[in-house]
Amino acid sequence: SAAEKSLLWVQPMRDHPVHRLMQAGFLKKCEALGYKCEVVGNASATNYDVAASIPLAEAALARTQFGAVAVYGPGPELYPYIGKLGSEGIPIVTWHVLPKEGTVAGLKAATGEDIPDAGRNAAIAMGDKLGGKGVVALTQGSYNDTENVMADSFRATMKEKYPGITVLDTQLEGFEPSAAEAKAVGILQGNADIVGAFSTTGNGIQTWSGAARKADRTVAIIGMDYIRQNLDIIKSGGAYGLVAQPLYEEGAKTAELAAALAEGKEVPYLNPLPAKVITAADLDPYYAILDSAGQ
Amino acid sequence: MAAETDAPFVVEALSIVKRFGGATALAGVDFRVRRGEIHALLGQNGAGKSTLVKILNGVHRAGSFEGRILLDGRPVSFGSTAQARLGGVGYVPQEIEVLEQLSVAENVFAGQTGLGGRLVRQRVLERQASVLFRELGLDIAPSTLVAALTPAQRHIVMIARALAAKPAVLMLDEPTASLSGAEVDRLFILLRRLKAQGTTMIFITHRLPEVMALCDRATVLRDGRVAAELKRGEFDAGTVIAAMSGQRLSRLYPAHTPPAQSPVLLEIDGLSVAGRGHEQRALEGIDLTLRAGEILGIAGLLGSGRSELLGAIYGSVPYSGRIRVEGRAVTIRRPKDARDAAIALLTEDRKRSGLLFNLPVAKNITIGNLMLFSSGGVLNPGAERAAALRTMRDLRVKAPSPNAAVAHLSGGNQQKLLLGRVLMRQPKILLLDEPTKGVDVGTRSEIYRLIVDLAETGVGLIVVSSELEEVIGLADRCLVMADGRFVDAFERGAGSEERVLRSIAAAQAERAA
Amino acid sequence: MGTLEASGRIGAPPVSARDRLIRLFAVGEVGVIGALVVVVLFFYALEPAFLSERNIRAILTVVSFVGIIAIGQTILLVNGEFDLSVGSVAGLCAVSSAKLMTVFALPVPVAVLGGVLIGAGIGLMNGLVVVRLKIPAFIQTLGMLFIGQGLIQVVTNGYPVYPLPPSVSAVGFARPIFGLGWSFVFFIVAAIAADLMLRRTVLGRNMYATGGNPEVAKLVGIDTDRYKIGAFMLIGALAATAGMFVMADLSSGTTSIGSGWELAVIAGVVVGGVSLFGGAGTMAGGLVGILLLQVVQSGLVVIGVNANWQQIAVGIIMVLAVGLDILRRRFFIAGGAREDAAPADPSPLRSE
Amino acid sequence: MGTLEASGRIGAPPVSARDRLIRLFAVGEVGVIGALVVVVLFFYALEPAFLSERNIRAILTVVSFVGIIAIGQTILLVNGEFDLSVGSVAGLCAVSSAKLMTVFALPVPVAVLGGVLIGAGIGLMNGLVVVRLKIPAFIQTLGMLFIGQGLIQVVTNGYPVYPLPPSVSAVGFARPIFGLGWSFVFFIVAAIAADLMLRRTVLGRNMYATGGNPEVAKLVGIDTDRYKIGAFMLIGALAATAGMFVMADLSSGTTSIGSGWELAVIAGVVVGGVSLFGGAGTMAGGLVGILLLQVVQSGLVVIGVNANWQQIAVGIIMVLAVGLDILRRRFFIAGGAREDAAPADPSPLRSE
Ligand SMILES: Nc1ncnc2c1ncn2[C@@H]1O[C@H](COP(=O)(O)OP(=O)(O)OP(=O)(O)O)[C@@H](O)[C@H]1O
Ligand SMILES: Nc1ncnc2c1ncn2[C@@H]1O[C@H](COP(=O)(O)OP(=O)(O)OP(=O)(O)O)[C@@H](O)[C@H]1O
Ligand SMILES: [Mg+2]
Ligand SMILES: [Mg+2]
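From first to last, the protein sequence lines stand for chains Z, E, C and A.
Quick note, the first sequence lines up with residues 1 to 295 if you use our numbering.
Quick note, the second sequence lines up with residues 1 to 513 if you use our numbering.
Quick note, the third sequence lines up with residues 1 to 352 if you use our numbering.
Quick note, the fourth sequence lines up with residues 1 to 352 if you use our numbering.
In case anyone wonders, no lab produced these hints; they're calculated from the structure.
Because the structure is a prediction, the values reported are computed rather than measured.
Beta carbons are placed, not taken as given, at the ideal position from N, Cα and C, and that holds for glycine.
Careful, some of the hints might be misleading.
[Stated by the list, open to error] Straight-line alpha carbon distances no greater than 20 angstroms define the calculated SDA-like cross-link-like pairs of lysine to any residue that follow: (1) 134/A - 328/C; (2) 428/E - 342/E; (3) 5/Z - 304/C; (4) 336/E - 215/C; (5) 134/A - 64/E; (6) 195/E - 227/E; (7) 36/Z - 328/C; (8) 99/A - 328/C.
[Unchecked claim] Going by beta-carbon spacing under 8 angstroms, a handful of chain Z positions derived as facing chain C: (9) 36; (10) 39; (11) 43; (12) 44; (13) 49; (14) 50; (15) 54; (16) 59; (17) 62; (18) 63; (19) 75; (20) 76; (21) 97; (22) 166; (23) 264.
[Claimed, not checked] Counterexamples of contact, computed for chain E against chain C with all Cβ distances above 10 angstroms: (24) 186; (25) 209; (26) 269; (27) 321; (28) 381; (29) 423.
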């Protein structure tokens with residue numbers, strides 16, 4: 001019946017640009033699969049408010065009987081809710097992290113990049129670019145499991161593979177672009193010898209390339225997410241590369257898994273997606289994806 | 001020189017009806033003022049005087065009342081005070097309304113776009129302001145911040161503000177209520193000059209002598225209706241009061257003789273109060289004793305320090321010196337300490353430090369006295385309401401209901417309400433700062449009676465009033481204060497207004513020397 | 001005689017009848033309750049599932065979290081101050097107590113007590129700074145908001161405190177009444193107590209005086225400083241409690257607990273007719289206001305409004321609710337009781 | 001004669017000298033400028049690079065964005081109101097004009113004009129609702145904050161508007177003076193104009209009256225409603241301008257432009273001695289306040305303070321700056337003028 005043909009997507013901080021990209025992949029795929037899909041979460045681009053998001057999910061569930069529910073799971077705070085829904089017999093998928101099987105009650109499947117791996121790739125790309133020496137700045141948008149893990153693995157990899165490179169303490173960019181840029185400039189000023197910068201957030205490339213321009217310094221910048229502007233910046237040499245987080249694909253994959261589960265099919269528990277570091281050389285396929293996504 | 005009685009009407013308010021919710025403030029008033037006259041508007045508290053002038057000033061905007069208003073024979077309907085102002089109407093409200101964060105000069109010329117074109121010329125402003133003040137006999141530096149003035153001083157600033165606009169018709173709502181003799185004299189000189197220059201004035205007061213001295217005609221309101229229209233020469237206290245209240249004038253100051261050698265309630269020696277900023281001392285070495293059943297009056301000029309003294313005794317103004325209550329030395333740091341020592345204070349500025357505008361009438365009366373209607377901190381609403389009603393009856397607080405907003409009581413009724421609050425806890429020592437400010441003649445004598453009765457029951461009272469005549473009439477013993485020191489003292493009957501003024505002048509002369 | 005008749009009106013039936021009407025409509029909550037009913041019926045009509053047990057429970061649960069803080073905020077506002085730091089205080093106390101029960105392995109009750117004490121302590125600090133140093137509450141509590149957020153990171157280093165002792169999750173999962181959790185029980189009990197305190201005790205009345213005009217309050221012998229500091233401590237402790245209830249609900253000490261609550265809570269109670277300027281408003285009103293905002297948010301989801309438009313609707317309805325309330329006052333309370341009900345009273349000079 | 005001398009104390013020369021002193025120190029900026037100097041020297045001592053041309057440029061650039069809004073906020077606060085919606089208005093106008101110049105392919109100047117008009121329009125709405133319907137600015141502008149955020153999503157569907165016409169980035173990259181962008185030029189010019197307006201014109205004088213005590217202002221014939229509505233429109237237009245400058249700087253209509261500005265801007269100007277309760281404060285003060293907060297933030301980064309502690313430091317310094325200012329007033333302006341200056345003065349009843 002129509003009831004089973006619908007899927008729900010639960011994601012706090014619903015309006016964050018990166019989250020919106022994931023949602024786009026999900027909704028697009030849903031349509032393709034002939035499902036009626038819905039996104040809920042606290043409407044904010046800055047506040048990750050779980051307590052406020054759960055009742056919104058409940059509201060949707062009160063109205064519609066969804067075939068499966070996708071719950072954003074970068075941290076443990078939504079695990080209890082996943083457990084609750086699972087105990088109601090609703091199949092649950094999560095994305096963006098790959099929790100070990102059995103660690104999250106009620107979870108049927110997970111997809112997303114292998115975050116530590118992504119961080120490692122970034123470190124290697126950076127290390128090679130810098131020829132194994134120099135000072136590298138590290139910034140996160142905010143503290144959250146995804147960014148923390150990626151930053152940590154970046155730091156660890158540098159430590160073991162490129163002892164010649166010193167990674168500075170993590171600094172927070174925050175969400176407001178102009179403020180983030182000012183902060184980056186401050187970091188550059190505070191450390192005359194910075195030659196590289198790695199940011200674990202989607203705005204990072206804009207932030208750092210803008211800062212490098214203002215401070216006119218040449219910095220090897222690696223950031224996240226292949227939104228069009230980031231690709232352009234790399235193309236124009238404003239940044240070195242980016243971790244092609246499969247945000248859009250995650251969303252799409254999540255929709256597939258959820259749909260399959262809704263139809264009672266078996267799906268693999270872990271569904272990792274590649275997260276390559278791409279540089280000026282290999283941009284074209286990503287432009288293609290964006291075009292197809294109508295962005 | 002009374003304006004010729006057939007001069008044309010400048011202001012005509014015809015069959016004005018003003019209702020506030022259920023209450024009717026004005027029930028069909030016809031009010032006419034002739035060009036060039038000073039027209040007294042009289043009536044009991046709550047009679048509707050302020051409401052009438054507010055209507056003439058667009059405070060109550062056209063449409064919020066019934067009836068017609070004519071200026072110079074032309075019908076007008078003011079949608080705002082701004083329009084009234086442009087229409088040549090000036091207004092000094094009853095309550096103090098100033099811009100505390102601006103300087104005196106800025107206050108006086110606030111809203112006057114004329115000055116120096118669109119640019120503000122501070123110098124010009126201040127020069128013109130100081131001229132005005134000299135005329136009003138208040139030598140405040142124009143750059144003084146209004147926040148630093150006493151209530152009375154603020155009131156003068158308001159008057160200057162109205163005059164500065166050079167209105168054709170000037171309406172003053174109890175301008176003298178907080179002024180003392182000398183300031184009043186000055187004001188009158190000024191008003192007479194304005195009159196000579198052709199300004200028409202409406203003058204509200206509760207002080208009949210002022211009417212006699214200043215006004216050409218008078219309209220008496222009573223419960224929202226015109227009770228009488230009197231010409232100069234027709235008004236003597238008897239007629240006016242009769243018209244106002246239908247009562248005959250009881251003796252204004254009831255007889256009272258203090259019990260000989262009653263115990264000393266309050267003993268103060270060497271009390272000093274640090275001056276505010278520039279004042280080296282607001283009060284200097286004050287000694288004073290108050291006996292049970294005694295009414296002690298303090299006379300003085302504006303800014304002489306009377307309120308500061310009461311404030312110090314009550315703990316709201318930090319002081320140095322020794323205070324003993326009933327022989328016990330007490331340290332009063334906060335009003336609470338004073339209250340625990342059975343001292344109560346009626347403040348001089350209702351709006352600033354008297355009324356709680358967020359609470360209705362009844363709760364305004366009982367606040368601070370709640371221990372009387374509560375057990376274990378839990379209120380007994382019935383008892384509270386009853387007590388509030390009792391107070392309202394006893395003091396004849398005229399209010400639509402116990403739950404009405406205090407903001408909507410007439411000035412005098414607000415005053416009575418506060419008196420009620422202060423009396424509720426039956427203090428032993430009662431400090432009254434301008435107790436009859438804005439209170440009508442009838443009620444006034446009631447309050448005097450009340451004061452005397454309290455004295456009879458052994459309460460000790462200190463009365464500060466800007467009306468010399470009142471202090472002298474009431475007090476068993478009268479102290480004269482100037483520049484924060486006592487400069488003279490005399491028993492009932494031994495003093496006169498002249499004596500007070502002379503001793504003050506003398507004191508200042510010697511201080512100048 | 002004149003005056004007597006005049007004052008005689010006091011007791012007269014018609015008046016006091018009108019008074020009861022005024023009284024009824026003057027109390028802040030009537031308007032917002034009206035708005036709430038309208039909104040609920042509207043959503044229900046469009047989608048009966050709105051009143052499904054499940055949805056109601058979800059709404060009441062989250063309301064119980066924010067509501068616990070709203071109790072404190074209402075009291076603080078009545079006292080003439082407000083607190084922007086509640087969100088980060090809630091988060092800080094949650095993660096702190098989480099650390100206490102994990103890293104320091106303290107027994108859960110002790111750790112919880114610790115959390116509450118931290119909250120009250122922060123409240124005390126806010127109170128002292130605002131009252132004694134006369135620093136505007138806006139600055140002090142906004143500063144504390146930042147400080148709290150920073151401390152959350154210091155305490156957790158950005159990682160959620162997880163897992164927590166099972167007993168915590170147990171509390172989070174427990175459903176003592178009508179399938180509602182302990183947070184709700186606490187909320188209801190606290191709300192009733194607070195309401196009685198404000199309306200029926202000397203304490204409460206003195207709070208209205210304190211918020212209405214501190215200078216007058218002092219003159220009638222009320223120690224306004226003590227009241228304000230107390231109110232700050234109370235809201236601190238309540239914020240801590242709310243934060244820890246959320247923590248139990250999520251059975252993890254997440255760094256994001258309470259993020260964005262600072263304005264939400266104030267908005268809610270103000271929608272409920274509590275004055276931002278002190279001395280006016282009721283507990284019932286404040287809490288209904290909070291409920292209204294949550295109902296709107298859930299309702300919009302239930303009836304399936306496009307996600308992008310939901311927040312727009314929230315903003316509009318928030319303003320409308322207050323507008324309705326103000327019209328009500330205009331309409332029912334002519335001159336009469338306006339000031340005493342309306343926070344919007346431009347009159348008295350409040351400076352000191 | 002008698003009384004002339006009696007009150008003469010008040011007029012004696014030393015007094016008016018004192019008054020001039022008062023007025024000097026009463027103007028909000030002295031304290032915050034002091035704080036600014038201290039902070040700058042402190043950072044400079046620890047890390048000379050802090051005063052490097054580039055860092056100064058970067059700081060001034062960011063300040064110019066927020067500062068443009070702070071100009072409006074200061075004027076609005078002087079008029080006795082405030083606006084929480086500036087952040088989302090900035091964002092909304094930025095993405096809207098971006099859409100206009102891309103999707104609708106309007107010439108850039110037209111699109112920019114469009115953005116400004118939207119901002120002014122929103123301001124007009126805020127003003128009308130606050131002034132005419134007497135809905136508290138807090139509620140109306142908070143509601144507008146939500147509405148704006150929602151509209152940003154509606155307009156952009158969550159994606160940054162990109163790419164923009166080259167001329168936009170050109171403006172963003174241009175460095176007309178001392179390597180500072182057009183945003184800074186605009187900021188400086190607007191600031192000077194606004195300062196003169198407040199201090200030297202009747203308009204400004206009437207604004208202080210309007211914010212100081214609307215009742216009195218009305219009484220003396222000032223059309224307070226017009227002033228307030230005007231101020232709301234001005235801040236709307238300025239917010240739009242700031243948003244579009246950020247957009248040019250990023251050469252992309254990012255949806256997160258302006259997020260979090262609502263409190264930052266108010267905090268800054270209040271730190272600068274502008275009263276939350278209207279009628280007090282200066283343009284210079286407000287803008288130095290904004291600068292101070294920005295300096296602190298980037299200073300902490302430059303000297304390499306641990307990220308976790310930065311926010312804490314910001315919170316503390318913010319409170320300290322205001323505290324310093326209030327002590328200064330206590331010290332220099334005894335009794336009398338106390339009321340006038342202290343923003344601490346809890347003289348709210350300024351709601352509408
Ligand atoms: N805004 C208002 N709302 C309700 N009632 C009001 C309002 N203003 C005045 N009243 C009532 O109207 C009546 C007349 O008040 P008004 O202030 O005109 O008296 P008044 O003659 O000025 O008295 P007083 O000499 O004490 O100033 C009073 O009963 C008062 O309670
Ligand atoms: N709020 C205040 N701020 C600054 N100075 C004040 C204040 N109140 C009183 N003063 C100063 O203290 C002195 C005594 O004022 P006080 O009010 O006691 O005089 P007063 O005799 O009561 O006269 P008034 O009739 O003006 O009340 C005055 O010179 C005044 O300048
Ligand atoms: Mg009157
Ligand atoms: Mg006095």
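**Q.** Distance restraint between residue 336/E and residue 215/C, which requires alpha-carbon spacing of 20 angstroms or less
**A.** Distance ~13 angstroms between residue 336/E and residue 215/C Cα, so the pair holds.
**Q.** Agreement of hint residue 39/Z with chain C interface, Cβ distance less than 8 angstroms
**A.** Constraint on residue 39/Z satisfied, holds at 6 angstroms.
Q: Sort out whether residue 328/C lies within 20 angstroms of residue 99/A, counting only the CA atoms.
A: With Cα atoms ~41 angstroms apart, residue 99/A and residue 328/C exceed 20 angstroms; violated.
(Q) Confirm or reject: residue 423/E is not an interface residue toward chain C, with every Cβ-Cβ distance exceeding 10 angstroms. (A) Label holds. Min Cβ-Cβ 13 angstroms, cutoff 10 angstroms.
Q. Quick one, is the residue 43/Z hint okay against chain C at 8 angstroms, beta carbons?
A. Where the cut-off is 8 angstroms and the nearest Cβ of chain C is about 4 angstroms from residue 43/Z, the hint holds.
**Q.** Status of the residue 54/Z interface restraint (C-beta, 8 angstroms, chain C)
**A.** Given a least distance of 7 angstroms, the restraint on residue 54/Z holds.
(Q) Please verify that the nearest CB of chain C lies beyond 10 angstroms from residue 209/E's CB. (A) holds, 22 angstroms
(Q) Tell me if the interface restraint on residue 63/Z is satisfied: Cβ within less than 8 angstroms of some Cβ in chain C. (A) This interface hint holds because 4 angstroms falls under the 8 angstroms limit.
Q | Given as non-interface: residue 269/E, partner chain C, CB spacing beyond 10 angstroms | A | Check passes; 25 angstroms lies beyond 10 angstroms.
Q. Does the CB of residue 97/Z sit less than 8 angstroms away from some CB of chain C?
A. violated, 13 angstroms
Q) Does residue 75/Z meet its interface restraint, that is, does its C-beta lie within less than 8 angstroms of any C-beta in chain C? A) holds, 5 angstroms
Q. Can the hint on residue 264/Z be confirmed by a CB-to-CB distance to chain C that is less than 8 angstroms?
A. violated, 24 angstroms
Violated hints for the displayed structure, listed by number in ascending order: 6, 7, 8, 9, 21, 22, 23, 28.
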